[in-house]
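Undergrad: For reference, the chains in residue letters:
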Amino acid sequence: MAINALNVTKHFGDFVALDDVSLEIPDGSLTALLGPSGSGKSTLLRVIAGLEKPDTGTVSLGGRDVTSLPAHKRGIGFVFQHYAAFKHMTVAKNIAFGLEIRRRPKSEVKDRVSELIELVHLHGLGDRYPSQLSGGQRQRMALARALAVEPEVLLLDEPFGALDARVRKDLREWLRRLHDEVHVTTVIVTHDQEEAMEVADTVVVMHQGTIQQTGGPRELYEEPVNQFVMGFVGPVSTLGDAMVRPHDVEIRHAENGTTLAAKVERVVYLGWEVRVNLRLESGEMLVAQLTREEADALAVEAGQAVFVRPRKVRRWSEGDGKPDVVSAQPH
Amino acid sequence: MITKYALRFTALGYLTMLLLVPVGMIAWKAFENGWAPFWASVTDPDFLTALKLTLEIALIAVPLNTVFGIIIAIMLVRHNVPGKSLINAVLALPFALSPVVVGLCLILAYGQSGWFGADLANAGIDVIFSMPGMVLATMFVSLPFVAREVMPVLREIGTEQEQAAATLGAGQWTTFRRVTLPAIRWGVIYGVILTTARCIGEYGAVAVVSGNVIGQTETMPLLVKRLYEGFDKQGAYAASVVLALIALSTVLLMTMFKPRQEA
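In order, the protein sequence lines correspond to chains F and P. Mapping to our numbering: the first sequence position 8 is 11, numbers consecutive. Mapping to our numbering: the second sequence position 260 is 1112, numbers consecutive.
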């Protein structure tokens, strides 16, 4: 079911959580709302769910205006960062909750619950209580609970934020596969750009209560519309008023007229990747990302004097912010 | 090691001297001369009337204060009502006021010459010196217990489970019944135990508004006092033991709502 937010504004006291935000999410897509904390991404998700009431603006689901409809009538599924498990109910009871309050026949509830327990890989844990599960298991239970009533929209608020890195990665891949099977319109809120890029078809970058850019992972990385997006979707170094990605920084031993003199401060080996921290004569810090072979060929080491050449920098003229000046300097 | 035992000795000694010895003494005294005098005391018509009256008052006051206690707690914790701190202060009033003063307040408001007393009397309802006044006095002094016990639990469980229930399609009542109430169950149970204990044990406020008519408006604590002062010590001890047993059975009854396994 398509989601439409139009001119949504939300204040918490003096704090502007959402500033005239409009967003269209197509039916069946998987969209990530990405931004730092306080950017308004969670508030936007909660407004869509009906857990927060916007000050102004409208929300529609599948073309129907639901702005004044309470959360329990919107037919959505919601997954919370801290699971929001019903602690006094077993896993099976948690999953059955939505079906039971809809007074579905007992046999149907039972079948559906065991089907979902299989789907989220919790076989044999139906009679456990949430306190007897690990964080990852609890979150999968919460997902099954949300999916039980077959919502047309699935909203996830930092669903993997409280889990450790490995579980996080597994669940993220699992969510992507699940979406490919079930095709429910899904919105996931995250502050982790890697998570957003890996999981979503479309990423919406938010900052200070507004949407900065909407696009596919590649588009955001290659064509960021402003400094904030460029800095948020990947590592970046600043050169005066321009920005450069570490893999666009070339290191040489000889000067060629377009290079800048620099000193190697530190060399970090990260498997196939080698990261070189450099200090320019201007005092600015620059990071270069090389493959292991490049680094070996150059034989870079800390304390060395080298020359660097940014292959591709981006510059945004003051004011309008939009024009994206990409300059590839000649070889 | 030594501090551990010193701590235990101090704590248990304190409990023993303050609680166990006095309560044990009364139980022992009640049965000092065997079953027969005890039995005679607890089958006395005045005793039975007092017991019945005490239980009746508790059966009205405890459920009402439980329901209102939960409502007040939810209102204060979950909703943004204006004058929250004022309501909180009013809620502490029954603890702050001496029960005798509570009784006097009720006479001023509901007595024959009180604010609503005359109108109520014209309508044929006697509040003071009869059952309604005693129920009112008991409810007044035992009002805060459930709310006070439930409020911190409500704060601790937070609103996420309730929000989750809403997103799953549960309306407010369903959410309360299936999610909030089970989550605050222990606070409610403990509040009910305290409320019941106070209801069956209240002396001061009830003494002022009851008029103390033997065999009519005499509750168990009033009976204990009268028997003791009338040198029927045996009767006073027996009634005390029965009061203690009622309190104990409330605790046992409420703990039968067994905790299920949870965090």
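It should be emphasised that the hints constitute simulated quantities derived from the structure, not laboratory data. Keep in mind it's a predicted model, so treat the numbers as computed, not measured. Keep in mind that the hints are not guaranteed to be accurate.
[As the list claims (entries may be wrong)] Here are the in silico distance ranges between beta carbons for each label pair: (1) Pro-1004/P - Arg-107/F: 34 to 42 Å; (2) Leu-1104/P - Leu-72/F: 45 to 53 Å; (3) Gly-935/P - Asp-58/F: 56 to 64 Å.
[As the list claims (entries may be wrong)] Stretch by stretch, here's where chain P covers chain F in the computed footprint (C-beta under 8 Å, at least three residues): (4) 93-107; (5) 287-301.
Beta carbons are placed, not taken as given, at the ideal position from N, Cα and C, and that holds for glycine.
Undergrad: Looking at the structure, which of the earlier hints fail to hold?
TA: Violated hints: 3, 5; rest satisfied.
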